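*Asks:* Below, each chain spelled out in residue letters.
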Amino acid sequence: MTTTELSKKDKFLSVFSSQDYSDEENYYISLRTQAKEELKNLDFPTSKNEYWKYTRLGKISNSDFCLGKQESIDINSFLIPDLDATVLVVVNGYLDESLSSKIQQNGVTVCSLSHAKKTNQDSFSKRFNKNTASKNELFLTINNAFHSDGIFIEIDRNHIAEKPFHILNITTSNQSATISRNVFISQPNSKLKIVESFVNLNGEANFQNHVSEIFVEENAHLEYNKIQEKSNNNFSVTTEQVQQKANSNFTINTATFSGALVRNNLNVEIEAENCETHLYGLYLAKNKDHIDNHTVIDHKEPHCNSFEVYKGVLEDESTGVFNGKVFVRPNAQKTNAFQQNNNILLNDTATIYSKPELEIYADDVKCSHGSTTGQIDDVAIFYLQSRGIGKQSALKLMISAFAKDALDKISIEPLHDFINLKIEQRFE
Amino acid sequence: MAYSEDDLRKELKNQEYKYGFTTNIESEVIPKGLNKDVIRLISAKKEEPEWLLEFRLKAFENWNKMIEQKWAHVNYPEIDFQDISYYSAPKGKKDKKWEDVDPEMKATMEKLGISVDEQKALSGVAVDFVFDSVSVKTSFQDKLKELGIIFCSFSNAVKEYPELVKKHLGTVVPPTDNFYAALNSAVFSDGSFCYIPKGIRCPMELSTYFRINEANTGQFERTLLIADEESYVSYLEGCTAPVRDENQLHAAVVELIALDRAEIKYSTVQNWYPGDKDGKGGIYNFVTKRGICHESSKISWTQVETGSAVTWKYPSCILKGDNSVGEFYSVAVTNNYQQADTGTKMIHLGRNTTSTIISKGISAGFSNNSYRGLVQINRNATNARNFTQCDSLLMGNKCGAHTFPYIETKNSTAKIEHEATTSKIGEDQIFYCNQRGISTEKAINLIVNGYCKDVLNKLPMEFAVEAQKLLEISLEGSVG
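Same order as they appear, the protein sequences are chains A and B. Under this note's numbering, the residue at position 183 of the first sequence is numbered 183, and the numbers go up by one with no gaps. Under this note's numbering, the residue at position 289 of the second sequence is numbered 289, and the numbers go up by one with no gaps.
Hints are computed from structural coordinates only; laboratory data are not their basis. Bear in mind the structure is a predicted one, so any value in this text is a computation, not a measurement. Beta carbons are placed, not taken as given, at the ideal position from N, Cα and C, and that holds for glycine. Certain hints may be false.
As the list claims (entries may be wrong) - To be clear about the criterion: a stretch of chain B counts as covered by chain A if any three or more of its residues have a C-beta under 8 Å from a C-beta of chain A, and this derived list gives those stretches: (1) 398-409; (2) 422-436.
Unchecked claim - DSSO-like cross-link-like pairs, simulated, lysine-lysine; straight-line CA separation at most 30 Å: (3) B:Lys-320 x B:Lys-265; (4) A:Lys-8 x B:Lys-415; (5) B:Lys-166 x A:Lys-334; (6) B:Lys-198 x A:Lys-422; (7) B:Lys-415 x A:Lys-53; (8) A:Lys-366 x B:Lys-277; (9) B:Lys-70 x A:Lys-53; (10) A:Lys-8 x B:Lys-320; (11) B:Lys-198 x A:Lys-325; (12) B:Lys-45 x B:Lys-70; (13) B:Lys-320 x B:Lys-166; (14) A:Lys-409 x A:Lys-325; (15) B:Lys-70 x A:Lys-300; (16) A:Lys-366 x B:Lys-398; (17) B:Lys-320 x A:Lys-48; (18) B:Lys-415 x A:Lys-396; (19) A:Lys-366 x B:Lys-166; (20) B:Lys-469 x A:Lys-366; (21) B:Lys-65 x A:Lys-288.
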């Protein structure tokens, strides 16, 4: 058994081994080498692995992939209406500067990841790969070893970004494999908003492995909005590795509208006092979609608050997985942690696995979580019907309202409208 | 059983584990180690039929192929299964009459407050007393027999009702279920067997009292309880063990079968020796408990867990029949260096099935207390309903409380609610009590008892009093 499994992994990895990194500095090459070493001891996780209990990877491990290439495409259909933002376009893992906005924002450094490596600023090099190395997680390690390119955004101390950044992360062509990576740094007292859309153009059965390393320094505010909308049997495994410093505020909104296999690993490490963390998520799955959200909030220091709300609507033969973990370390007194997961199944063929976990080692804390699976309230439907709204419309109205609720905290108005519209269209 | 405040005060003074004495009774202990010959020896000693020996040997073969599960949130040193004696029995011929019971044994029972003798007959509890590996005495046999109720030791049942045992043994917890269930199936020594015939409502509470006495032995008992159609039974289980420095293993299997429209209420007060203040000694309690519910039947698990150094226990319900009901009420207290990973599994297969889970965890000292539960709604379980509430109370900042619920839903009509909270006793609550002249220690007892009320209320009266006392003693000195 082991030999066939091994060959699957090696076959999968061989796709990326042809990539050339020789123009990178030795330091970055050594990081890759270390990750490649680690990969020797890792394999595709099976259902015996608690972390992957509900997500089968056969679709990925049994496919033949090829490397995605840089190509020129029309991005207009992917833009968010009325969103005044600096647009950055990443195609198959490479920043396309010709398609991206040229205008620079005051106090913000934006460039491709490869460029950041070349200029090798201190703030970048001391953080890059710091929290993602040696995590013993296959996809993260693959990303450490073989990432192609991505976006680096750093906002300087005491700056507020004038406009949000909109990253279009696009994959194309059939069975392409993309390994992309972002690094975002919010320096002290700064405020930054980022939107990232994960979409695909024409390509069937694409695979994307994406990692965002996010650093929120003292008193900084960062809002990261992630929209996953890949169609046509696409697979993605994404990881956000977030590190928060004192008095910082981090918000992430994750909207997943489709995906044959989507796995989101969201890890937030709260390393200092008085932090606030908001995690909101919505997953709408249909057909044979499989959407898996794993979140970890690690409270290491006292006086921090975290809020987490994930909602899902599952149709057809789709599967949803939610696994939220809240750690409260012995030192993290006065922590206030809240976690909620609500699901609606629209068919008997849909499945939801919900696993909200608490691991608490400090006593003076308020931690709670809730998980529900249910239906739309009959009484509410009746109320709407009695006011002349047809049953089907009433149902749609209620489901849209349920879904919209999860991402109500998005502070970028056009994005908020865009997502609401998407939800309404979905249930029309 | 009147219990006054003076009693409480006396008891609180004596913080030590109350049941820690050893009985000086001659025992027959087989040599340490585990292999096919040992199993044959146990089987021979118990004069078992061939099919049971085969059942054991098959389980042993399976066990050999299995590896110990490590997913529970507990830590303990590797157990050397060859360093345990798998059979220990008080010497002397098996007693049939109360008069013949060894006086030492009688004294032990008395110390444990067990109502085996006639004088306590009024309390209306039929008791089966399992001492080390062997069932010593079962009371009220005749009275129960009149109603056709069978309540006896497992080995008796094998001899007298082999067809019943053979039909049901291992149907709910198959020998391949998990590592410790397999081990138990191979070496189980004795336990209780109970059968309630059709339409009979068992007039008294049935009770088994488990006691480990001998050092270096493991206790592996097996309980099989069958409630035939439209019957009802309430069953109690209590456990204690002497204070010893080394860890002892207890791996039991309990199987409940509730046939159509039957109801089983199964209550446990588990008070195995928890180890001393530094975490030395104590029982490893690795138990597999599971019940199967047929149509419109009900199984209700109630447990108060205060003992054991390490607990690993998930009383479960398979809701196979339509309209069946599963309930789980639990209070788990850990103090000092105790570790508990406990919870339940509710597997909804039939339509209109309902399950309720109320779990209250209290951790103090350096202990870790985890709730781990599974609620599974299968495709055809239309209109299934589950409500889960698991609360944790933390006392002190060296302990941990954890929640690991698994909620798997495959039917759109299911309604599932899960909520969990973790907090400590509020300073304002204590202050309020202090203000009214209630000392802090008392106030904590009051608050803890209130916190556990939902579960304690589900216990039969006598047990509830016992459980309340236990709670107080377990938490004694945990708040400074």
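*Asks:* If a hint holds in the structure, say so; if it does not, say that too.
*Replies:* Status of each hint after checking the structure:
no.	hint	verdict
1	398-409	holds (count 12)
2	422-436	holds (count 3)
3	B:Lys-320 x B:Lys-265	17 Å, holds
4	A:Lys-8 x B:Lys-415	41 Å, violated
5	B:Lys-166 x A:Lys-334	56 Å, violated
6	B:Lys-198 x A:Lys-422	59 Å, violated
7	B:Lys-415 x A:Lys-53	23 Å, holds
8	A:Lys-366 x B:Lys-277	28 Å, holds
9	B:Lys-70 x A:Lys-53	15 Å, holds
10	A:Lys-8 x B:Lys-320	40 Å, violated
11	B:Lys-198 x A:Lys-325	47 Å, violated
12	B:Lys-45 x B:Lys-70	34 Å, violated
13	B:Lys-320 x B:Lys-166	21 Å, holds
14	A:Lys-409 x A:Lys-325	21 Å, holds
15	B:Lys-70 x A:Lys-300	26 Å, holds
16	A:Lys-366 x B:Lys-398	16 Å, holds
17	B:Lys-320 x A:Lys-48	26 Å, holds
18	B:Lys-415 x A:Lys-396	20 Å, holds
19	A:Lys-366 x B:Lys-166	51 Å, violated
20	B:Lys-469 x A:Lys-366	28 Å, holds
21	B:Lys-65 x A:Lys-288	37 Å, violated
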